[in-house]
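The lines below spell out each chain.
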Amino acid sequence: MACFAAFSFSMVISILTGPLAIVIVVSVVVGLAMVVLFGYTSDQKAIGIAKDQLKAHLLAVRLYRDQIPVVMGSYGKILRGTVRYLKLAFKPLLYVIVPITLLMVQMDRYLGQTPIPVNAPFLLTVHFSSSDALNDATLALPSEIVMTAPPVHIAADYQIVWRLAGTRDGSYEMNINAGGQSVEKVVCVGGGLPRISTVRLRGQFWNRVFSSAEPSLPENVSIESISINYPDRNIEIAGYGMNWIWLFFILSMVAGFIFKELLGIQI
Amino acid sequence: MKGLWSARPTRVVLVALVFLPALAHAYAGPGAGFAVLSSFWAIFVAFLYSFYALMTWPFRQLVRFLRRRNAYGRAKFERVVILGFDGMDPDLAERFMKEGRLPNLAKLRDRGTFSKLRTTFPAISPVAWSTFLTGVNPGKHNIYDFLARDTNNYLPFLSSAEIKGPKRHIKIGKYSIPFGKTQIKGMRKGTPFWHWLGEAGIFSSVIRVPVTFPPEKFQGVLLSGMCVPDLKGSQGTFCLCTTRVSDDKFREGGVRVPMDRKNGVYRSYIPGPDNPLIEKGGELRADFEVRPDLRAKSARFVFGPEKFALEVGEYSEWVPAEFKAGMGFTAHGICRFYLKGLSPEVEVYVTPVNIDPGHPDLPISHPVTYSIYLAKLLGPYATLGLAEDTWALNEHVLDDDAFLAQAYGNHEDREKMLFDALDKTKQGLCTCVFDTTDRVQHMFWRYLEEDHPAARDVPHSEHPQVIQDLYERMDRLVGRVMERIDDDTLLMVISDHGFKSFARCMNLNAWLHQNGYLALKDGKSESGDWFDDVDWSRTRAYTMGLNGLYLNLKGREKQGIVDPAEADALKDELRERLSGLVDPASGAVGVTGVFVTDEFYRGPYTENAPDLLVGYGAGYRASWDSVMGKVTRQIFEDNTKAWSGDHCIDPRLVPGVLFSSHKFIEDKPAIVDVAPTILKLFGLALPAHFDGKPWALASPAGDR
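In order, the protein sequences belong to chains A and B. Under my numbering, residues -19 to 247 are what the first sequence spells out, in order. Under my numbering, residues 3 to 706 are what the second sequence spells out, in order.
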């Protein structure tokens, strides 16, 4: 009994402090915020009418099911009504999409990948702007990161790939030297929920916004990007692992449906 | 230029979202999710339905073909459209056609039929429309008036339907939790003719035909009309919320509710149905607030989650009214607010709370989803049988304009329903009854005459042409319907009765009292409502309702004294003495005929019929008190109420109208003939119990 209680307690604690708890809390808050935002930025009356019309045409299909011309006409009206509804939902969606996209990008930094496990190999891929730069490129590693195989030069793709491993938990800077310049790339090793950047880029503003958590590479270096193949993080629920995005999708939808009813907002 | 710049951020975001990578594509939040899901769901359900419909269509068509091969195969028309204009009067129609006011009805007259349509005895809407839809006399459909009487206690009950709570209850402390459905028993007997059409595979759309509540199953769609109750279960109880202190009560049809003021906010409530969870728990209430703006002559209303502003003299749209009883029991209704005034008193009129058609607590349509379909398609609409609040105008709670705005608002909704039904019913029967004609004539006949007692304060030259406008409006409706039909459609415009002035009231109970047929308790010279203070041990005859006269028959009435063997003689005596009764004040005949019902009612329900029907002369009707079983001192008096026209008189004086797009050969068509005529037009055999006779088409042009 005591063992069961202790197990249950430890499960609750792990759930409450782990990524699942974060996803649940964020999903509920986002569900609420998005519904409220949708309510304020949409034409609620028009959306209500559009939805009612859609329901009416659906009912017409049922009520007049023996009258094929009426049924076919109703299908046409359902399609037109759907387009009208999507039009009405478009403007509030714009308001909703921007903040949520930015939020999700940030959440993905923490929840999208796990740190590299201690002593597990990982690949550091550096993409250069020309094949010439490959010849004099070197890698300087901190003591906690070791190289487990010689680098592979892929001249055709202007790439060098290093196979490395971390020996202790923590975040470490690795230095790549090329053309007399040195740039860093951070690698996270161990566990927890560190902010992970899978790639460091030069330029490419929008790509950096959506994919990178590190500053841009200097303009005068010959390196285009430096990436690490972090493993994807799966959140376990009842023995099934899933990407946090799917869980967030489901939970925020459920929360949104509940809040829309409570707040009387038409979506 | 400005527009371009202002659009730029949006474009940038859009381009970014569309062309930049991965994560934004993955998920765009619940809003997008809902939108996509909702749209997808609509399409998915539509697809499922269409798949189902298409897959099963051949089989259903085969079944329909087998069922209807004798119907459409021998039908004279693909479709029959019947417009029921309740109370349209043939004399007025003829007069207005002569004046050129009704070009579309005149077209029907010239190309097809225009005739008087004999009505029922009595000429009362629920009776006549019941005969219309069943094709039988009242002895077979059991409707003789709006009201019927309980022979045990001489009290009235609604003749068309009986509504009771669920049979089973579980008692927990003070609560009595109902289990099961509300019991609704239709009192109208007989089978509507669209049932026979449906049996033959012919589809019908039936909208607002009176006495179709509770709705019955058949192949088609039906929205119930007259006799649908409000949420309180009454035939319409309006509410006047007011700061004016008054102990006066409305005679009928409305309640006065006080309005309290606190910090510039006025609070009141709408009375709802009785609490179903607590015995004698009182009525449920829905509170609302009014925040007046005296300068703007307007006010803001807060009613549940609804917030809206009204100017003085303005109606709200239909707003949902929820009455919560607790434990999850909620009654759903809709109502409209009308801001009567803000100074010196704040007064708000609220319509009777109608059953919400989008969330009906009682079935008001067949199938149940039909009322929901119409509500989703057209928005909320009046469902109450007598939706035009004549009582409120009678009681001066509404003025003429406010009443007309309400009546025509309802009328427009019904026009939309009709045109939707016309679009959906390309084959079969499409029928819709408009009450507006009846209500407006009831309330505005006073302006049609030079010296009506109810309009003596308004010079005749200033009388508004309300009834003329009404007929023109109905004519335009006919015109729009004619534009949508072809020669394969038969259009009929009918009314259940005509109209005459109601300038003088006759209290028949007073006459019975003064002539020794009805006795009051010792020392009383008047009775209260519903025969309070009537001495039944000495009463031989009494009246309640609009035309019925009853003997206090031994063995039938609980305190009956008239020996059945003497009943015929008493009936003859009453007929003899009442027929030709003259109003001493005017010298006019107040009663032009008295009819013994045994002589013309046939059927299994004649025992519920009145013994005699009193046919009042033109200009006369049963007094308001007499209808409610009250004995007064005066027999005749002026009718000064806005309800100034009527038809509950000698039925021979108020026939209805019959217009049709194709000519019928019939000298004296009657409303009882409509059902057999329609069945015959669709090539169906007539049930043997029908009392009506089908009309013949004049020209073979209609033959297909």
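Some clues are possibly wrong.
Unchecked claim - So the derived label-pair ranges between C-beta atoms look like this: (1) K25(A) with F421(B): 17 to 27 Å; (2) D249(B) with K25(A): 17 to 27 Å; (3) G172(A) with F331(B): 44 to 54 Å; (4) D295(B) with I217(A): 49 to 59 Å; (5) I230(A) with F421(B): 40 to 50 Å; (6) K25(A) with I186(B): 29 to 39 Å.
No wet-lab data here; the hints were simulated from the structure. By construction, the Cβ of each residue, glycine as well, lies at the ideal position given by its N, Cα and C atoms.
Results for each hint:
| no. | hint | in the structure |
| --- | --- | --- |
| 1 | K25(A) with F421(B): 17 to 27 Å | holds, 24 Å |
| 2 | D249(B) with K25(A): 17 to 27 Å | violated, 42 Å |
| 3 | G172(A) with F331(B): 44 to 54 Å | holds, 52 Å |
| 4 | D295(B) with I217(A): 49 to 59 Å | holds, 55 Å |
| 5 | I230(A) with F421(B): 40 to 50 Å | holds, 44 Å |
| 6 | K25(A) with I186(B): 29 to 39 Å | holds, 35 Å |
Violated hint: 2 only; the structure is consistent with all others.
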